[in-house]
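Residue numbers (this note's numbering), protein chains in the order written: chain B, 1 to 289; chain G, 1001 to 1373.
Hint data in this document are derived by calculation from the structure and do not stem from the laboratory. Errors might be hidden in some of the hints.
[Stated by the list, open to error] Now the stretches of chain B that chain G is said to cover, found in silico as 3 or more residues with beta-carbon under 8 Å:
no. : segment
1   : 183–189
2   : 204–215
[Said to hold, decoys possible] For lysine to any residue, the following SDA-like pairs were computed, each having C-alpha atoms within a straight-line distance of at most 20 Å:
no. : chain 1 : residue 1 : chain 2 : residue 2
3   : G       : Lys1079   : B       : Lys10
4   : B       : Lys10     : B       : Ala29
5   : G       : Lys1079   : G       : Lys1156
6   : G       : Lys1172   : G       : His1197
7   : G       : Lys1070   : G       : Asp1020
8   : G       : Lys1079   : B       : Met199
9   : G       : Lys1079   : B       : Ala198
10  : B       : Lys181    : G       : Ala1338
Just so you know, even glycine gets a beta-carbon here, dropped at the ideal spot from N, CA and C.
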Amino acid sequence: MAKGLDAQAKQGYALIAPPFLYALVILAAPLLTILTYSFLTDGYLEVVRDFTVSNYVQVWTDPIVRTVMLRSLMVSALVTLVTVLLAFPVAYYVSFLVRPERKSLWLFLITIPFWTSYLIRVFLWKVILGYNGVINSSLTGLGIIDEPLTFILYNVNSIVITLAHAYAPFAILPIFVALEKIDRALLEAGRDLGESRAMTFWRVTLPLAMPGVLAAVLIVFIPTIGDYVTPELIGGGKIPMIANLIQVQMLALDNRPLGSALAVTAMAIVALVSVVFLLINRRFLKVRS
Amino acid sequence: MTDDRKPMIECRGVHKHYGDYHALRGIDLTIRAGEFFSLLGPSGCGKTTLLRTIAGFEDISDGAILIDEKRMDEVPANKRPTNMVFQSYAIFPHLTVAQNVAFGLRRDPRGKAEKAALVEEALAMVGLRGYGNRAAHALSGGQRQRVALARALILKPKVLLLDEPLSALDRKMREQMQVELIKLQRQVGITFVLVTHDQEEALVMSDRIAVMFEGEIAQLDGPEALYARPATRRVADFIGVMNFLPARILGEQAGTATVEVPGLGVVDLPERQISRANPDDEGPTIGFRPETMTLVGPTQTHSQPRETNATIDEVVYYGDMTYYDLRLDGAAAMDGKARPVRISMRNVFGRDVQEVGTRTRLAWSPGSLVLFR
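Turn these sequences into a full structure, and let the hints guide you.
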């Protein structure tokens, strides 16, 4: 028995070895490099191998960094909120109201935005929301407005609109899966025990869908906080987020130690937020079978 | 059965269509207050649909359903005086046992402590005292079922609907729950409506049983009447085991029929043993239950009025019972077809199990025969 288990274990290790090595080289090595850089000294166009914590001191005391970091958190939180709030009804519709044989078609349609590059989609939103874009020219053409609307371009609103669209499928799918797993008899039981449809949703459907909702929150929140293309293009470069700051330090100013310290700090904050959500999620998962 | 109890559920000409599919075809039914009533039938006969229309989960296409003398047409499921025990039990997985049981008490004006006492009382009633703080997923199948029962009964419904509640349990557990359900029903006095495909379960538990085929009620009777005098061949076949032999009607007068049955000879049957509402168009048929006839040894005496010689074709031993497939002498006389009949004998102490090929005698009485025509 022990021998058989050994053979099985060996086979298991053999199977995970290639992806493990791949992850080590592609993921762990760069992370370690960044971590190392963040404790080294900037020597103008080169990295001097002197250990220092001054990068972190600078990052944590700089009011600009603090402002940008808080803005990034705020924007990501807003994007996450909007995305998940819009994704839930879509997931609910597909799970509860679409006929079973049509569901895969709907999921397929939901993934259509992925067919084009992220960059192109961001540009498309620029075309739609722009000063002379689709919305403004239509509205002026119809005589509804005299001057182009300015609140939809080069500000936080436009970033939220663009990112909410880009990440919608990421939010819809986990919520859909959570809703699909709910035994429909539970909803009938809720009605049978005297609750209206709305109260049954509140007391049965929503709590059971929470793991999916929290997964959606994490899946949207983590990448949006690190997004720098959308703020650059849609935000017009006027409202930088933390990723833009890192990009400037790393590439434009070639201060890799400071850029690394920024990156590590941002990562730590994201990790902290994620852990909080994971703990909440565990509470919801614990009572389920 | 006391027939003076007031009607609790009345179905009047209930029809249900799903597109082209006609699931319920004119159900007329009265279930009395305090009755343990069963809807019995094979899958797809409409019994669950009927239960769900009573619960309010399905609209009816035509007809009317009354509960406690009120029409239910416009009354949604959450406002009906019924509660249901679902086939899957539908225990809320995100709540504890106590929270599950208290689910329907949200709008009850009573205080927290009073509700907690009610929950504890309901759990005690189903034998789950002290289980309140358990997580729902930590329960066994039988315990889930008890929680589902407590959750429904705590609301004191006028009718408790049970949708195949025992089908997911193993045999021992099922038999135990059958007895417990009967006791519980007597204790609370609530009208129980049980849906089942298990004829044995229906016979054990019910005051009355409606046997359904293809969206229609084939027979509505008490368990004994249903078993002893099935209305149609199909009902007879569905409930328990019944032997069928072709019969030739020799004469009829004043409700009595004289029939000739190959293998059994000529018998006179009174009105009560004749089923005339027989849609199965297979000609006159005689039916009898396996346990109504007895194998007797060559020297043994018996008190039955008739006996027939036969050969044992097959022996199936069940421990407490033995089933014998017999070839009756002369059974093939009518059309040359061999028609084995099945006889069951209790293996009482001192009675030997017979062997295949043995010549034997079959003792019987015409009183055990039913004529379908």
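Checked hints:
no.: 1; hint: 183–189; result: holds (count 5)
no.: 2; hint: 204–215; result: holds (count 3)
no.: 3; hint: G:Lys1079 with B:Lys10; result: violated, 61 Å
no.: 4; hint: B:Lys10 with B:Ala29; result: violated, 25 Å
no.: 5; hint: G:Lys1079 with G:Lys1156; result: holds, 13 Å
no.: 6; hint: G:Lys1172 with G:His1197; result: holds, 18 Å
no.: 7; hint: G:Lys1070 with G:Asp1020; result: violated, 30 Å
no.: 8; hint: G:Lys1079 with B:Met199; result: holds, 14 Å
no.: 9; hint: G:Lys1079 with B:Ala198; result: holds, 14 Å
no.: 10; hint: B:Lys181 with G:Ala1338; result: violated, 55 Å
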